[in-house]
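One-letter residues, chain by chain:
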Amino acid sequence: MFVAKVTGSIVSTQKVDSMRGQKLLVVEPFRLEQPSRNQLTTTGRTFVAVDMLGAGVGDFVLISQGSSARFTPETQKLPIDCVVIGIVDSVNIEKQTVYHRQSEESSTARGQ
Amino acid sequence: MFVAKVTGSIVSTQKVDSMRGQKLLVVEPFRLEQPSRNQLTTTGRTFVAVDMLGAGVGDFVLISQGSSARFTPETQKLPIDCVVIGIVDSVNIEKQTVYHRQSEESSTARGQ
Amino acid sequence: MFVAKVTGSIVSTQKVDSMRGQKLLVVEPFRLEQPSRNQLTTTGRTFVAVDMLGAGVGDFVLISQGSSARFTPETQKLPIDCVVIGIVDSVNIEKQTVYHRQSEESSTARGQ
Amino acid sequence: MFVAKVTGSIVSTQKVDSMRGQKLLVVEPFRLEQPSRNQLTTTGRTFVAVDMLGAGVGDFVLISQGSSARFTPETQKLPIDCVVIGIVDSVNIEKQTVYHRQSEESSTARGQ
Amino acid sequence: MFVAKVTGSIVSTQKVDSMRGQKLLVVEPFRLEQPSRNQLTTTGRTFVAVDMLGAGVGDFVLISQGSSARFTPETQKLPIDCVVIGIVDSVNIEKQTVYHRQSEESSTARGQ
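Residue numbers (numbering that gives the first Met the number 0), protein chains in the order written: chain G, 0 to 111; chain V, 0 to 111; chain D, 0 to 111; chain B, 0 to 111; chain Z, 0 to 111.
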């Protein structure tokens, strides 16, 4: 899995039938900045993930990929390879909290 | 999943039997340009995807990869790892629409 | 899937039993050159794929990866993650043919 | 699989039900430094893995990805694509030990 | 699949039960050097693969990844995503042998 920031959403009306009603989020994988590891920084990549947890723009989420994206009750038969499995409250590296959901408005995360 | 632009198609006559009649699109994954995230830009990569939705050159599509590509009624038994699961109408980032299908003729997307 | 050029083959006598008799091709994924997209160029990567279609050195082939490589009659139970599912006749980008099998002797594809 | 260093953990309260109680580690894949191959160095990437072995920050672990992450008794039905399958005692390259768990306090591994 | 050089091994005593007794090799994917394609060169990446064929340090092996790593009699239920499916005797590119097992002592492969 990886940690990603929700940056937006996509709309698609012509799609595979089983995808009707699925919420499609645009997410951007983040990584720890090197060598300090004291903040999250964007990888610059762009993915689309199905979300059933109510994540919103600006949230950091935990993303699972591949066949495992079908191992939730709602996604079992969907042709999807990327799903939100959690909304991240905090990322703790060594003895430091490098991301905390409530304090994010004042975040200094790069690439934000 | 990821958003990709349809750039063309491939023709193959000698192929695995189950692939007969499948439409093979050449697609190019796009990502949000950094750091502005105000337009889509190409990753420069080239994939081939099966399409059953009627996507055409210039369309942006939603692509699913891996075993999930076999989770549509038409692709269940195909030896494919990449399929179009939707035609993208719009990509919305924060409060901005960075891609809208109807307005794409006048698009300024880089790498187009 | 992706388009790759067959560059050679490998020989392995000590191998998993089910792999006996399998033809192992060395293939090199190609991509459209940017920003023109008017020819194929190598990615510089090297993969090994099982082939049952009779592809030869110099041919461009369509490659499927992952579990889907086991979705052909001959490869169902093999421990393989990469298979040739078609020999490419032509790659057509926008209104241009950037690769055509018969004309390849005089090709100007870079990285060839 | 790959060798990764445990750098921290993440907390997520809103998550897919089956994920309740799972320990989520932040891990960083390492590789052999080139061309000497005499120490491990970070790839700079960041993953999140489920751990059931009690790995702690600073440990090197063996990570398995994809559907195989579901092939342990505890993870069979989880929507996860990354799991710790072992805690690494030593990495031995040619005739040299480039990492040994007990001696790691005095390690000179770069990117640490 | 890809061709990789065996560079070492790892030892892990605390591990998932089903992994007991499995030999864990450190392997490094190689690719054809560009643009000549006349020798193998390292990609600089580091993987860990299960081996049941008796490969040793210095051998080139054929590696299969993902769920296919579980398609050998010995690995069916293991949580592994990377396995040695053959020991490479030779790699033949166009009309040249760029690697031959017996002659490897005098090899000029870069990144060795």
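Treat the hints as calculated values from the structure; they're not laboratory data.
Treat each hint with caution, since some may be false.
For identical chains, the list gives no copy identity; a pair is met inside one copy or between any two copies.
The list that follows gives simulated cross-link-like pairs (lysine-lysine, DSSO-like), each with its CA atoms no further than 27 Å apart [unchecked claim]: (1) K76 <-> K94; (2) K22 <-> K76; (3) K14 <-> K76; (4) K94 <-> K14; (5) K22 <-> K94.
No experiment lies behind these values; they were computed from the predicted model shown.
Evaluated hints:
Within a single copy, K76 and K94 get their C-alpha atoms no closer than 41 Å, and across copies no closer than 32 Å, so neither meets the 27 Å cut-off. Within a single copy, K22 and K76 get their C-alpha atoms as close as 15 Å, and across copies as close as 23 Å, so both meet the 27 Å cut-off. For a Cα distance limit of 27 Å, the shortest separation of K14 from K76 qualifies both inside one copy, at 15 Å, and across copies, at 20 Å. Taking the closest pair of Cα atoms, K94 and K14 come within 27 Å of each other only across two copies (24 Å); inside a single copy the shortest separation is 46 Å, beyond that limit.
Only between protomers do K22 and K94 lie at most 27 Å apart by alpha-carbon distance; the minimum there is 17 Å, versus 36 Å within a single protomer.
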